[in-house]
Each structure stands twice: as C-alpha cells, then as structure tokens.
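Chemist: The lines below spell out each chain.
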Amino acid sequence: MRMHRRTLLALAVFTGLTAPSMALAADDTVKIGLLATFEGPFTVLGEDGERGAMTAVEEMKGMVAGKKIEIVKGSSDASPDSAVRAARKLVEQDGVKVLVGPLSGDEGIAVKDYAKTQPNVTFINGTSAAQDTTLRNPAENFFRFSTDGAQWMAGLGTYAFKDKGYKKVATVAEDYSFPYTQVFGFMAEFCKAGGHVPSKSWVPIGNKDFSSVIAAIPEDVDAIYVALGGADAVNFLTQYQQGGGTAPLIGGSITVDQTVLTSKGKLKDVLKGTPSAGPTADTNDAPAWKAFVEAYKKQPGAFPSPSLFAHGYYVDMKATLLGLDQVGGDVSDGGKKLRDALSKLSFDTPTGKVSLDKNRNAIADIFLTEVTEGADGNLLNKLVKVVPQVNQTLGIPEDEFMKLGAVNRDNPSCP
Amino acid sequence: MSLLDQPSSSSGLSSGDGMTRGQAWGLVGLLAAAVIAWLVFAVWPDWLNAILISKKAFVSAILNGITLAGLYFLVASGFTLIFGLMRNVNLAHGSLYLLGAYIGYEVTNRTGYWLLGVAAGFAVLAIVGVVMQVFVFRRLEGDDLRQTLVSIGISIVAADLMLAVWAGGTYQITTPEWLDGALTLPVITAVRSNGASVFLTYPLYRVVVLAAAIVIGVGLWLMLHKTRVGMMIRAGVDDRAMLQASGVNVHAVFAIVFAVGAGLAGFAGVVGGSALSVAPGEDVRYLLASLVVVIVGGMGSITGAAIGALLIGLAEQIGLVYFPTYGIVLTFVIMVVTLAVRPQGIMGKAR
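Listed in order, the protein sequences are those of chains A and B.
The first sequence begins at 731 in my numbering and counts up by one.
The second sequence begins at 125 in my numbering and counts up by one.
Bear in mind the hints are in silico, worked out from the structure with no lab data behind them.
Treat the hints with care, since some could be wrong.
[As the list claims (entries may be wrong)] Result set (DMTMM-like, lysine to aspartate or glutamate): computed pairs, CA atoms no more than 20 Å apart in a straight line:
1. B:473 / B:301
2. A:998 / B:284
3. A:797 / A:1055
4. A:1088 / A:788
5. A:998 / B:362
6. A:996 / B:284
7. B:350 / B:362
8. A:996 / B:362
9. A:996 / B:301
10. A:791 / A:1024
11. A:803 / B:284
Model, not experiment: these values are computed from the prediction.
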C-alpha cells in the first residue's frame, strides 16, 4: 500500500498548491492576466513589456474603481503554442476575466484564435503587431491599442528612397508574421516610390549564426533592411561588423529599439545613422513622453529610455484600466460592458491620441527616427518626423488595401 | 553466406574481377573530393552562380558549416564521453555550456584577458561536473532513468538560476584584438571587369575555433588510445563490471570523465559565446544539437561525434542559405535516416 499512500500525499500537496489561487478571487480585487515572453530569445523584450505594464498600474496607484489590481503573470517563449498554453492557464486555472498580452506576432494571431473560444474574457493586446491579428478574421473580444508592424513603418520607405537615395535594398528578417508585416509596411512605400528589393532573406527565429546569410546578400545593393529582434538582431549586427560589412542599414522597429541598442558589444559603429520608424522616439520632447520616461525609469532594471515593448504594454494596460474604471471594475456580466467601453475609448498616450477602428485596431501617431549617440554614450533614436494618426490600411482606402493580399514571404514583391 | 562471400570481398589485392567495396568507396570519395575542390577553387560559370546564388554564398556556407561543426563537436564530445562510460544521458549538458559562457563573460569582462575567461570556463565547469557526479549521479548509480530525470530537473533549475543572476540580456564576450579581423583566403569568388580577382575573406576568429576543435579532438583521441586513464575509460565503456573487478577505482575514472566532459562544455561555452552570443535558451539549443550529433554519430564514440557534428553543422548552414524555411527539417531528416538505416549511429557499436 506504499504506492497508494504516496499517491494520496501527492494529491494532497497538489490541492494545497492550487487551492489558494482559487480561493483568492475576492470581490475587492480585479484580476488582470499579464502575458509576455519571460523566456526564450525575446526575454529582454518581455521583461521591458512588464515594466511598461507596471508603470500604468502604478500610475493608478494599484487601484481601479476602488478595487485593488491583482496582476497574474503568464510566460511564453515567443512560440504561438506556448502563448496559448500560458493564456489557457491564466484564463482557465487562474480565472482572469481580463488578459493583457501577448508580445510577439505569431503569438498574437494564436491568442486571437483562442479568444474566440472564450467569449466572456476580454483580451487586450500587448505589443504583438502582425497585421492579421485584427485585419482579417478578427475576434470580437480582442483589442489592440498598440499599432501593427506595417503602421510602424509609416514614412520609412519614402524617406529611404527620397532623402537617403537608396534605390536597391535587400531585406533580412525573421520568418514569421510580424516581420512579414514590417517588410510589407516598408516595401509598400519604398516600391511605390520606385525602389527595388532584389533579395529577401527569411531566417528562423532564434538563429545564431548569420554569417552565411550575410554572405548570400547581393553585393550591389545600396542598403540592407533588417527586421530582427532581441538576441537575433544583436547576433546579426555583430557578425555583420565582424565580416566587414559596408552597406548602410535600415532598421525595422524592434531592430534599433532600446532592447538592442543597450546590449554590450561592438554594435555602435554599425548602427549609428540607421533610419527606422516605430511607435516611439527616444528624443521625443513632448511633455507627456518625458513624464512617461520618468515614471518608467522607476521600474527596476529599466533601460535609459523605454523600449517600444514598454510603451506598447503601457498603452494597452492603460486602456484596460481606463475601461475598467468606466465600468466600475465590474466584469461579472462576462465583460460585455467593459468591451463596449473599450471600443469607444479614445485617450491621450505619451505618444499622442489613440483610438480604435471598427476592427478594434489602434489609429495612432508614428515616429520616423535615426540612431544617434547620446551625450552619455548610449545609442538613442533621434526623432526625425512625426507621421500623424496612421490607420491600419496606411491611408489607402480599405477595399484597395485588401486587394494587396495577406502579407507573407512573397507578398509584396518588387525585384 | 558470409563465409562464402568473404574470400572474394576481402581479397583487395587480387586483380582482375572488378573492384572491392573498399576501392569503390575510395573512388567515390576521390570523385567527391575533386568536385568539392573544383567548386571551391575554380571561377564559377554563370549558370552555376544562378543555381547556387553566388560562389561567395556557397563557399561561406561550407566554411561556416565546418566551423559550426567544430563548436558542436566541442559540446558533443563531452556528452558522448559521459554517455559512453556511464550510460548517463546527462540532459543538463546544455546548462553546463551556458554556465561556462556566462562565467567566461564575467572573467573576461573583469580581468580583460580573454584567454583567462576561456581557462576559467573550463576549470569552473570541470569542478561543477565533478560535484554533480559525486553528489548526484553517484547516488543513483545503475538507475539510468532516474539519472536522466534528475538531470532534466537540474537543467530547469539551472536555467532559472542563471536567468535570475544574468537576466535575459544578450551578452557578447569580447575577443582580444589579435583575434579580430578577417583572413583573405586563396579562393577567388569573382573576377572584376578589369581582370582583378576578388578573394574570399573569412573571419580569423572562426578559423581559430575550428583549429581549437581539431586540436582538442586529436587530444581526446590520444588520451583515450595512448594513456592509462584512456585505457581504463575504454575498458569501462566495454565492460564496467569487469573493470571494477580487476581492481580499478571506477569512481575516480567516472569523476575524471565527468570533469573532462563538463569542462569541455564550459570551454565550448566561452568559445561559442565569443563567436556568436550568450543568451537564455542557448542551453536547450546546444543540448538539442549535441543530442542530434551524438545520435547521428553514435553514442559513446569521439570519432562519431566529429562526423555527426560535421554533418549537422553543414546541413544547418546550407539549409539556412538555400531553403531557410525548411532548413531545420534537414537536420532532423539526417537524424531520422540514420535511425532508420543504422540505429546505433554511424560509428556506434550495436549493443
């Protein structure tokens, strides 16, 4: 009977572990799930996303509509199945009715699909920025107050062609939905202006050794457009520098983000002067942005300037809390009131006004930037130009935009 | 059947009736070598450039594959050595790699001497290996499954501890200046219109990694085949009980093997962290790589680890350049084919 006793003991321990989390759903707290990449190649990004979300929570002093905010964290490793697993755990085990996240493109699409099976839970995006999370086949209960990867590129293609004079550009990007969206956003403008993209390299996420990819880039291009994130970007840039690469770079939004600019190594020489575009600019001198930077810096381990992940999670968490505030923190009706409030929500963020379109995707300002060295030796994104109120179809009428087709490896194309 | 076949197939010296199997393989090898030499040294015609993107891309992919193989070999050799002797599938081997890389980073960063970082990576991990063997695996001796499960546990705990200490950032171990820069290889990648040849350049550091892997590989082979300890290890691989019965202190031999195996993982961590980068998640990546290398090459064989590493390294790099989306599949196709055709691995012994 030894086995039997052991099994009983294991069961007892197990119930002991799970019971408290079930019992704690008291009336005077609002539980919010926070889903981000706390493991895998995008760990740094996820950690900064959390700092952003917590900045919003602390701005409200940890209270919404007189109730205490309780944050339950879920971790993914940037793969869609891990994101769904973490979302499942938060919703089905921890019983959250409101969930903020996830961080990365494919995760967003997967969580959107999961959202359809949980109509009584309200999902608010973190920073995932694939186009089709909201553009095609959206979920009624998935909201994105951060913009998508194509929107982030607004102005960059034209700037590269006209101001920088690049006519031929090769692209190197990770092989999943978010970089497809970014390349789409860049090429939509760049090709229209008359530029050509003769070669596109798609590399697996988490790839370490880029030297073969670098060797395969044609030698006659004017510049290389790089849309890689986190450790991938650092590896590419270091090896590009080691291999004596000379072509100038154009950065995807997360390639020249603080998560990459602050890494230790010999990146500075390669990155200085790299143009990019995204939802934030480090040298933005609007008072709202400066106040946000100060609040953000109080978070433990903060970067010199918030990354776009901190910004995205901040905006989405802020929207969530504003929505919850409007409905008195009440989600007992399956979150219907909350979702009505969120759809109509329009508010001022550190980077300007944000409102939602009919697919529940944000319309917001985008910043065209260039990498410079700050006074203290840190690399910063200098603000070049603000592109006001970019919508998901990039200003193109919707039916025309839908005709461009879904983004993928081969679309768009202008060799 | 084999009795009847033997005379004709083993009479390599007899002339007249065709080639033996060995000669046939030799000829195939020679042909392959000639084709590769031509691919590397000749100036490519346009049609070949059109098929294989460019000569620079192709030759770089081959060279990168070989240097990556060097790195994989360093990690996998320790893994295969430990398995061969102790039947212990140490799934915490990837964590040893990552810990070595972090220690190398810290030491290099604080002292400014890269070589010191490399030495520290080896030494500290060798000690960690001995500690693991003495305090964990020795207690579970003879219980393979539990040892494996415990090693999974160790790898999970180690990954979280390292995340707590070094956070999620990407670290780059700074190499000394004498290792920076590029070598110009006597390989012509293109001819300019004015007749000047463009030579291939290749990072010096990667060549050094490859050289280190070769030196260590040869050193390991010599240790196994020419020294007394090596003799004991080989005897232990074949029959552990018999070795113990003949008066050898098996535990001491185990500890030495674990020290060398773990130390090599740490060494590879520092060397690999300088060539590529150090970040959480590397542990799983290298564990997977060395598992595949060892399965393909044959569990317990150093030569097998070298062959496996070469196959996997080349497959990864060529896949990355020519069909990046399905490149990862190539690695596993090699593994599946090996398992189907020769389940014990290329150099493995059937047990």
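Chemist: Does each hint fit the structure? Answer for all of them.
Modeler: Structure-based check of each hint:
no., hint, verdict
1, B:473 / B:301, "violated, 45 Å"
2, A:998 / B:284, "violated, 30 Å"
3, A:797 / A:1055, "holds, 10 Å"
4, A:1088 / A:788, "violated, 30 Å"
5, A:998 / B:362, "violated, 54 Å"
6, A:996 / B:284, "violated, 28 Å"
7, B:350 / B:362, "holds, 17 Å"
8, A:996 / B:362, "violated, 49 Å"
9, A:996 / B:301, "holds, 12 Å"
10, A:791 / A:1024, "holds, 16 Å"
11, A:803 / B:284, "holds, 16 Å"
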